[in-house]
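J.: The hints should help you fit chain Z onto chain U, whose structure is shown.
Number of protein chains: 2
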Amino acid sequence: AMAAERALAMATCTAPVNIAVIKYWGKRDTDLILPINSSLSVTLHQDQLKTTTTAAASRDFTEDRLWLNGKEADVGHPRVQACLREVRRLARKRRGGGEDTAALSLSYKIHIASENDFPTAAGLASSAAGYACLVSVLARLYGVEEELSEVARRGSGSACRSMFGGFVQWQRGERPDGTDSLALQVAPETHWPELRVLVLVKKPVSSTAGMQTSVETSPLLKHRAEVVVPERLAQMMRHIRERDFEGFGQLAMRDSNQFHATCLDTFPPIFYLTDLSRHIIALAHRYNAHHGHTKVAYTFDAGPNAVIFALADTVAEFVEVVRRSFPPATNGDQ
Amino acid sequence: AMAAERALAMATCTAPVNIAVIKYWGKRDTDLILPINSSLSVTLHQDQLKTTTTAAASRDFTEDRLWLNGKEADVGHPRVQACLREVRRLARKRRGGGEDTAALSLSYKIHIASENDFPTAAGLASSAAGYACLVSVLARLYGVEEELSEVARRGSGSACRSMFGGFVQWQRGERPDGTDSLALQVAPETHWPELRVLVLVKKPVSSTAGMQTSVETSPLLKHRAEVVVPERLAQMMRHIRERDFEGFGQLAMRDSNQFHATCLDTFPPIFYLTDLSRHIIALAHRYNAHHGHTKVAYTFDAGPNAVIFALADTVAEFVEVVRRSFPPATNGDQ
Numbered sequence: 001a002m003a004a005e006r007a008l009a010m011a012t013c014t015a016p017v018n019i020a021v022i023k024y025w026g027k028r029d030t031d032l033i034l035p036i037n038s039s040l041s042v043t044l045h046q047d048q049l050k051t052t053t054t055a056a057a058s059r060d061f062t063e064d065r066l067w068l069n070g071k072e073a074d075v076g077h078p079r080v081q082a083c084l085r086e087v088r089r090l091a092r093k094r095r096g097g098g099e100d101t102a103a104l105s106l107s108y109k110i111h112i113a114s115e116n117d118f119p120t121a122a123g124l125a126s127s128a129a130g131y132a133c134l135v136s137v138l139a140r141l142y143g144v145e146e147e148l149s150e151v152a153r154r155g156s157g158s159a160c161r162s163m164f165g166g167f168v169q170w171q172r173g174e175r176p177d178g179t180d181s182l183a184l185q186v187a188p189e190t191h192w193p194e195l196r197v198l199v200l201v202k203k204p205v206s207s208t209a210g211m212q213t214s215v216e217t218s219p220l221l222k223h224r225a226e227v228v229v230p231e232r233l234a235q236m237m238r239h240i241r242e243r244d245f246e247g248f249g250q251l252a253m254r255d256s257n258q259f260h261a262t263c264l265d266t267f268p269p270i271f272y273l274t275d276l277s278r279h280i281i282a283l284a285h286r287y288n289a290h291h292g293h294t295k296v297a298y299t300f301d302a303g304p305n306a307v308i309f310a311l312a313d314t315v316a317e318f319v320e321v322v323r324r325s326f327p328p329a330t331n332g333d334q
Numbered sequence: 001a002m003a004a005e006r007a008l009a010m011a012t013c014t015a016p017v018n019i020a021v022i023k024y025w026g027k028r029d030t031d032l033i034l035p036i037n038s039s040l041s042v043t044l045h046q047d048q049l050k051t052t053t054t055a056a057a058s059r060d061f062t063e064d065r066l067w068l069n070g071k072e073a074d075v076g077h078p079r080v081q082a083c084l085r086e087v088r089r090l091a092r093k094r095r096g097g098g099e100d101t102a103a104l105s106l107s108y109k110i111h112i113a114s115e116n117d118f119p120t121a122a123g124l125a126s127s128a129a130g131y132a133c134l135v136s137v138l139a140r141l142y143g144v145e146e147e148l149s150e151v152a153r154r155g156s157g158s159a160c161r162s163m164f165g166g167f168v169q170w171q172r173g174e175r176p177d178g179t180d181s182l183a184l185q186v187a188p189e190t191h192w193p194e195l196r197v198l199v200l201v202k203k204p205v206s207s208t209a210g211m212q213t214s215v216e217t218s219p220l221l222k223h224r225a226e227v228v229v230p231e232r233l234a235q236m237m238r239h240i241r242e243r244d245f246e247g248f249g250q251l252a253m254r255d256s257n258q259f260h261a262t263c264l265d266t267f268p269p270i271f272y273l274t275d276l277s278r279h280i281i282a283l284a285h286r287y288n289a290h291h292g293h294t295k296v297a298y299t300f301d302a303g304p305n306a307v308i309f310a311l312a313d314t315v316a317e318f319v320e321v322v323r324r325s326f327p328p329a330t331n332g333d334q
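One line per chain: the protein sequences are U and Z, in this order. Under UniProt numbering, the first sequence has 24 at position 24, and the numbering climbs by one with no breaks. Under UniProt numbering, the second sequence has 221 at position 221, and the numbering climbs by one with no breaks.
Bound-form chain U, shown alone:
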C-alpha cells in the first residue's frame, strides 16, 4: 500500500483582497480569532489585486518550508500552523478510518510559496488574501471540500471574508468554539456590476496593531460592537440588496469614521488617519456636496491606503479630481 501512495503532489490557488464596509476591530477570543462584532466586506476582482500560492507535498521533503514574495519566512508561525493543522484535520476526517491509498500522505512535509501582486506592507489586507489563499491551496492539495472560511479565520480574522467573491458577511457567531463564526456570501459580484473600487495607495507608515488594546481600553468600541454594528449590518445588507449607492456609500463612510474614532478612544490612542487622509475625506465630501448626492464614498483601514467606492460612470471624473488635488509627490500611482 505504501508504494501506491503518491510521492509528490502540487496545487496552486489565487485569492482576492477584501475591503470591509462594516469594520472588524476587536476579538472576543484571541486564540480562535472570534470577533466582537460581525463585519461585511466587498471582495475585489482578482485581475487587479490577488495573492497566488503554490503548495507542494513530497515524501522527499525533509521539513516544512514557506516563502513569501520570494523570501523564506517562518513556517512555524502559530497562525500558519493553525491553518495547516485544521486542514489536515478535515482531510483526516474526510478519509475516515479507511486507507485511501490514492490520497496524499498527510505526514509528508510541504513547501509553500506565496506571492502578492501588490506591496505586502501597504496594509492592503494582504494577510487576509494570504491566509485565504493558503487555506484554499492546502484544501486542494489534500482534497478537502468542506466549508473553509472557519479555517481561514484562524489564519487572519478577515481572511475568512476573502474565501468568497462579491459581498461577504463574517458573522460574529455565538458559540465559544467558533464553529458558527463563518463567512457567508450576501450577494455575488454580478449582483451590482456598476460598483467600482479605487485604491489610492499611499506610502506605508509604520503602525502597531492595537486591536486588543482597543478592546481593553475603549468604552466606545464596546458600545459600537454591542449596539451600533448590529443595526448597521442589517442596514448595509439592505443597501446592497437594493443596490442603493447613496445608502451604501453614506454608511461605509460613517463606519470607517467610527472605526477610526474607536482607535482614537483607545488608550494610548491609535492613529491611522493622517492629514493626507483628512484631505481625501474633505475632497470626497466636497465632491458629493457639489453633485448634491453621494457619488463617492471613502473607507480607510488600519493602514495608509484610501479606498474609494463609486459607480462606474463616476470613476473617470473622480480620478481626475484626485489627480488635480494631489500633486504627484503626494499621490500614489494607482
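Just so you have them, the derived chain Z footprint on chain U, three or more residues with Cβ under 8 Å:
1. 220-231
2. 254-260
3. 274-281
A short, non-exhaustive set of chain U residues, derived as facing chain Z with CB atoms under 10 Å:
4. Gln250
5. Pro268
6. Ala284
Note that these hints are calculated values from the structure, not bench results. The beta carbon of each residue, even a glycine, is placed where N, CA and C say it ideally should be.
T.: For chain Z alone, coordinates are given in the frame of chain U:
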C-alpha cells in the same frame, strides 16, 4: 427722583480662561445652552491669560455699543443680548417694585469694551472668558450679586465654568428651564498648588463648530454623554480631591481622546487633531513611558492648541523636551 439718578456709571472686571478635563460637547437645548453631559474644568491663573472688560452706562449714550480687542463688534448678537437681558432681569428683581434712586437706570444705553491678552482666534476658550467677563462686569454695573453662572452659560456654555477659580464642575442639570444647569466649584485653586498648566499655542486653523452635527449624527457621542461621562466625572472629582496626578492625567488624556473620537464619529467628520497634535500626543506618552508613570497629560479642545498638565517639578524638563522635539518653525512661543 429722576434728577437723583446717576448719570454715568462704569465698572471693570477680568475673567479667566478654563480648560476642560471632562469635555463639554453637545447641547440638549441650543437656545438655553443646556449640555448633554456635565463637564469639569481647571481655571487658569489670570496672570497669564485673561479677558478684561469695562462697561459704562450713561443717559448720554444714544445706543448700545461693543468693542472686542479695539474693534467694534455687533452688540445685537443674540448671545450678548441674552446676557444683557438676564442681568437686567436680575437687577430689576433685586430692586423689587421700589424705586432705588441711587441705582443706575436700567434703561440707559451701555458701552462695553473687552480685551483678551491672548490671540482671540487661537481657540483658547476665549468666548468662555469673554462671556464670563461680560456677565461679571454687567452684574457689577447694575449691583447684582446673585449666582451668575447660569447667566454666563447663556453667552457661551463653558463660560459658566470661568465664573469660578480652581476646579469647576458645570453640572448638566435636569430641569427644562436650565435653572439647575450651573457651575459649582469642586475645589479652590489652593487645593492643589503644584498643578501646572502649559499652553502650547499653535497657528490657528479654521474650524467650523460642529457640535450640533455631532449630537445629530454620532451614536458614540450619545453613549458618551449617557454612560461614560457620569462615571468619569465621579472619578475625576475623586482624583482632584486626592490630588492624584496619575489618575487625573490619565483620565484627562482619555477624555480628550474620546471627545475627538466623537468628532470623528460625526458625519461629515470633524477633525481638530492634526499630524502635529499626534506628535505631541506621542511625545507625552513616550515621556511618561520613559519615567514609568504619568508626569504630563495633554488635552486638546476644538481648536489648534495643545494644553499640557504637569506638576511644578516637571515643567522645566518637559518644556525642554518639547523645545528639542519641535523646531522653532513648528512650535509656538509660549
